[in-house]
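Asks: Listed here are the chains, written in short residue letters.
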Amino acid sequence: MTENKSYLTYAKNIVLLIAALFTLFPVVWVIISAFKPQSELFRVPMSLFPKEWTFANFISAFRHGNFIVYFSNTVFVAVVATLLTVVINIMAGYALAKYIFPGRDIIFAIMIATLMVPLQVIMIPIFLQLKDLGLLNSLWGIIIPPSATPTGIFLARQYMVNISNSMIESARIDGAKELRIFWQIVLPLSKPIIATIAIFSFMWRWNDYLWPLIVITDNKKQTMQQALANFVGQLQINWSNLLAMTTISIVPVILVFLAFQKLFMTGITAGAVKG
Amino acid sequence: MKTTKTKGNFHQTLAPLLFLLPNILIFTTFIIIPLFRGLSMSFMDWGVFTSPKFVGLKNFLLLFKDQVFIITLKNTIVYSICAVLLLLVVSLLLALALSKNSIKGERMFRAVFYIPSLISMVAVGISWRFILGDEMGILNYVIRSLGGARIPWLTNGPMAMMSVIAVTVWAGAGYYMVIFISGLQAIPLELYEAATIDGANRWQEFWRITLPLLKSTVLVVIVLSTIASFKAYELIVTMTKGGPGYSTKFIVQQVYEVAFIEDRMGYASAMSIVLMMIIGAFTLMQFKLSGKEAHYD
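Read top to bottom, the protein sequences are chains X and G. For the first sequence, the residue numbers in our numbering are 29 to 303. For the second sequence, the residue numbers in our numbering are 6 to 302.
Hints are computed from structural coordinates only; laboratory data are not their basis. Where hints are given, some of them may not hold.
[What the hints assert, rightly or not] Sample of chain X residues facing chain G (criterion: CB under 7 Å; computed from the structure):
id: 1; residue: 56
id: 2; residue: 59
id: 3; residue: 60
id: 4; residue: 76
id: 5; residue: 173
id: 6; residue: 206
[Said to hold, decoys possible] The calculated lysine-lysine pairs, modelled on DSBU-like cross-linking and capped at a C-alpha distance of 30 Å, are:
id: 7; chain 1: G; residue 1: 63; chain 2: X; residue 2: 290
id: 8; chain 1: G; residue 1: 109; chain 2: X; residue 2: 290
id: 9; chain 1: X; residue 1: 40; chain 2: G; residue 2: 220
id: 10; chain 1: G; residue 1: 58; chain 2: G; residue 2: 70
id: 11; chain 1: G; residue 1: 236; chain 2: G; residue 2: 63
Here the structure is a predicted model, which is why all the values come from computation and not from measurement. Glycine included, C-beta positions come from ideal geometry on N, C-alpha and C.
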């Protein structure tokens, strides 16, 4: 009986190990190939590791084309958008969690209901709206519109409902202004949810393709994902450069994940329950 | 004393509205107004360079005769059904194997399976196009060195669809695995202990305890992955460009091309409305489910 069971565990481990290798291989293959000299990339017989490791592809990716521009646009968008997203979603979550005012539940319901209208179904009117506001071909056109997120508001509200009312009340009796209560009492207590929203926002912005595609046509304003899609769309693909750029897009998100693994797992579960 | 109290009340009504103001402005400007603009556009002939003209239901009637639209709708549905079913099975199996603290390195395994869902779909498409290339891809290289014939992963219609589905599963399974794990961990252990005492085997346990109690999580995963599959765009653009022919072209790509390349924005808006009704229906289902699941007050 026990012997049988240990065989089963053994088999299960082997299957998991194979599945894990299969899952990781594509990522590893792309990253390692980015370090191969161009002459080795498609050379037969193929080998996992390059005979000679090189940074040439990364250097040439940054030198040719505007990759340094795309990279800095992406960093700018991801950082500024994350700050904006955190600030306004935490503010909204606080208002919905800790104040009683007419229309509160309707506002919350409408905000959550906007999940039914993702960019994919309103990209045409969004484009026209941005055009009317003069935000086309501006990084602010990517940053501002998606910074109000139903998921972010939902997460913030759920978290802040549990902050004790008595602390807020006693501060009020002491004569503290509403903004000061928010800043000095509520914000410090909300650090975990701020971190969760910030990380998810940053990752999403770093990886997003559709918003930049709608907003930006000017080559100098494009983001990394746009550049990657353009490169792979060309007839003659320069794979060495493309793999280097792909690696630059992949590696940071994996590092962020490994550093904040726990936040991720709880964030996904909380977010999935409601959008 | 009295004045401070009135002032306090005034502040307490005004403050939440000010806190909400940025969100309300953004939601109104970039979701609610566009939503109504899109609705009204779908009843018009509208291009960037032509003045809009009201045409009633013409756009919607045209949709039913538009071969390309029907093909893209059919493709999206086929893709959605296959991807959702496979994602469900694979992510549930992974979660079952990794939710009980029964093996060493469980956390590491979870992290590994989650990693693909961190990568942008653009980069996922590029990576797999590199791997599945006809002549120079590593997969066909391995197959040929083992004596097999090379497989047209991305250059044959049905094969390309299968590849896109498989890559979708690769990229998404870890995410749904995490959702399943939390669902599994919510099942009380005593139930399993009682079942063991009653002499139930693992198979019976799964069908009689785990699956019935996991029903709402299963539905959440189905709804979420269905919504995601109807929104699919980046992956196909980088992996197959919708080809060969129309074989992997999905609705969002068609909307984008008709609107921004053919400049028929009114007609493309009508397509968007169809897509919106599909996504909206599934989102409503999700609200219903999670409302039942979590009492969030």
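Asks: Run every hint past the structure and note whether it holds.
Replies: Evaluation of the provided hints:
no. : hint           : verdict
1   : 56             : violated (10 Å)
2   : 59             : violated (9 Å)
3   : 60             : violated (11 Å)
4   : 76             : violated (9 Å)
5   : 173            : holds (4 Å)
6   : 206            : holds (4 Å)
7   : G:63 to X:290  : violated (52 Å)
8   : G:109 to X:290 : holds (18 Å)
9   : X:40 to G:220  : holds (25 Å)
10  : G:58 to G:70   : holds (21 Å)
11  : G:236 to G:63  : holds (25 Å)
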